[in-house]
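Undergrad: Generate the whole structure from the sequences, applying the supplied hints.
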Amino acid sequence: AQSVTQLDSHVSVSEGTPVLLRCNYSSSYSPSLFWYVQHPNKGLQLLLKYTSAATLVKGINGFEAEFKKSETSFHLTKPSAHMSDAAEYFCVVSEGFQKLVFGTGTRLLVSP
Amino acid sequence: GAVVSQHPSRVICKSGTSVKIECRSLDFQATTMFWYRQFPKQSLMLMATSNEGSKATYEQGVEKDKFLINHASLTLSTLTVTSAHPEDSSFYICSAASGGTGELFFGEGSRLTVL
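Chains as they are written, first to last, in my numbering: chain A, 1 to 112; chain B, 1 to 115.
Keep in mind that the hints were calculated from the coordinates and are not lab data. Keep in mind the model is a prediction, meaning the values are calculated, not measured. Note that CB positions come from ideal geometry on N, CA and C, so glycine has one too. Possibly wrong hints are sitting among the right ones.
Unchecked claim - In silico DSS-like cross-links for lysine-lysine, where the CA-CA straight-line distance does not exceed 30 Å:
#	chain 1	residue 1	chain 2	residue 2
1	A	Lys99	B	Lys41
2	B	Lys41	B	Lys14
3	A	Lys99	B	Lys55
4	B	Lys64	B	Lys20
5	B	Lys66	B	Lys14
6	A	Lys69	A	Lys58
7	B	Lys41	A	Lys49
8	B	Lys41	A	Lys42
9	A	Lys42	B	Lys64
10	A	Lys42	B	Lys20
11	A	Lys58	B	Lys41
12	B	Lys55	B	Lys14
13	B	Lys55	A	Lys42
14	A	Lys99	B	Lys64
15	A	Lys68	B	Lys41
16	A	Lys99	A	Lys42
17	A	Lys58	A	Lys42
18	B	Lys14	A	Lys42
19	B	Lys20	B	Lys55
20	B	Lys66	A	Lys99
21	B	Lys14	B	Lys64
22	A	Lys99	B	Lys20
23	B	Lys41	B	Lys64
24	B	Lys66	A	Lys42
Said to hold, decoys possible - Computed list of chain B residues with no C-beta within reach of chain A, every gap over 12 Å:
#	residue
25	Ser15
26	Phe67
27	Thr78
28	Val114
TA: Right under this line is the structure:
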């Protein structure tokens, strides 16, 4: 079975500083990986996805993630945090036809 | 982009009653819809996969008689929580797969509180 591990339950940054949200995956074959964002009491929005094309994936709102097979990682980054980035972020792996397995989530806190 | 609508967004009910949550794909046909449950400050857990016109496939540990799923059309799936109890209180989220592209879109979720 495939799985993802989000290494930090909370990450706190100051506005304007870089963001790094860490994710490691476990998969027996080449995985499809995603990052989703969830604002309070809202549904999920897809930030970006990796599907075996370019290893550096650019998403919406300035986010990007790099697939590193040797490290089994898919960390999410953003050069400069904005207050509106404060939310819950989920790293997700696809376990076959559209069936998603979610990580435990990382809450990003952005202070002024 | 594609829109998935869930209704109601919030519902409060008494213990023992049944509650129906609707998930609609507004501008595309969804051959497959997924229902997730999210406890406070926890991740999403897949409950079941519903395919239009056939019985839903439930994940291990999910009671099919407790959580009735119907996918009667290509744009609508419903989740009915039968004889709800306080422990059923949760945030329920659906996602719909576009029949054309296969891309997944999520609803905004429905918060159920059982008193």
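Undergrad: Could you run down the list of hints and mark each one as holding or not?
TA: Consistency of the hints with the structure:
The hinted pair formed by A:Lys99 and B:Lys41 meets the criterion: a straight-line CA distance of about 22 Å does not exceed 30 Å. Of the pairs offered as hints, the one joining B:Lys41 and B:Lys14 holds, with about 24 Å between alpha carbons and a cut-off of 30 Å not exceeded. This hinted pair checks out: A:Lys99 and B:Lys55 have alpha carbons roughly 17 Å apart, not beyond 30 Å. Between B:Lys64 and B:Lys20, the direct Cα distance comes to roughly 14 Å. Compliance with the 30 Å bound is thereby established for this hinted pair.
Restraint check: the Cα-Cα separation between B:Lys66 and B:Lys14 comes to about 16 Å, which is no more than 30 Å; the hinted pair holds. A threshold of 30 Å between alpha carbons decides the hint, and for A:Lys69 with A:Lys58 the separation of about 17 Å falls inside it, so the pair holds. In summary, the hint linking B:Lys41 to A:Lys49 is supported, as the alpha carbons are separated by about 24 Å, within the 30 Å threshold. Of the supplied pair hints, the one linking B:Lys41 and A:Lys42 holds, its CA atoms being roughly 13 Å apart against a limit of 30 Å.
Distance check on the hinted pair: A:Lys42 and B:Lys64 sit about 26 Å apart at the alpha-carbon level, within 30 Å; holds. Taken as a hint, the A:Lys42 and B:Lys20 pair is honoured in the structure, with Cα atoms around 19 Å apart against an allowance of 30 Å. This hinted pair checks out: A:Lys58 and B:Lys41 have alpha carbons roughly 27 Å apart, not beyond 30 Å. With a C-alpha separation of about 28 Å, the suggested pair B:Lys55 and B:Lys14 falls inside the 30 Å cut-off, and the hint holds.
For the suggested pair B:Lys55 and A:Lys42, the alpha carbons sit about 28 Å apart, so the restraint of at most 30 Å is met. Proposed proximity of A:Lys99 and B:Lys64 is supported: the alpha carbons are some 19 Å apart, at most 30 Å. This hinted pair checks out: A:Lys68 and B:Lys41 have alpha carbons roughly 28 Å apart, not beyond 30 Å. For the given pair, A:Lys99 sits about 21 Å from A:Lys42 by alpha-carbon distance, which is consistent with the 30 Å threshold.
Annotation: proposed proximity of A:Lys58 to A:Lys42 holds, straight-line Cα distance about 23 Å (limit 30 Å). Of the supplied pair hints, the one linking B:Lys14 and A:Lys42 holds, its CA atoms being roughly 24 Å apart against a limit of 30 Å. Taken as a hint, the B:Lys20 and B:Lys55 pair is honoured in the structure, with Cα atoms around 17 Å apart against an allowance of 30 Å. Distance check on the hinted pair: B:Lys66 and A:Lys99 sit about 22 Å apart at the alpha-carbon level, within 30 Å; holds.
Between B:Lys14 and B:Lys64, the direct Cα distance comes to roughly 21 Å. Compliance with the 30 Å bound is thereby established for this hinted pair. Restraint check for A:Lys99 and B:Lys20: satisfied, since their Cα atoms lie roughly 23 Å apart, inside the 30 Å limit. With a C-alpha separation of about 25 Å, the suggested pair B:Lys41 and B:Lys64 falls inside the 30 Å cut-off, and the hint holds. For the hint pairing B:Lys66 with A:Lys42, the CA-to-CA distance comes to about 25 Å; that is within 30 Å, so the pair holds.
Every CB of chain A is more than 12 Å from the CB of B:Ser15 (nearest about 23 Å), matching its label as outside the interface. Against the 12 Å criterion, B:Phe67 stays outside the reach of chain A, whose nearest CB is about 17 Å from its own CB. Here B:Thr78 stays apart from chain A, with its beta-carbon at least about 17 Å from theirs, past the 12 Å limit. Chain A leaves B:Val114 outside its interface by the beta-carbon criterion, the shortest separation being 17 Å against a cut-off of 12 Å.
The structure agrees with every numbered hint stated previously.
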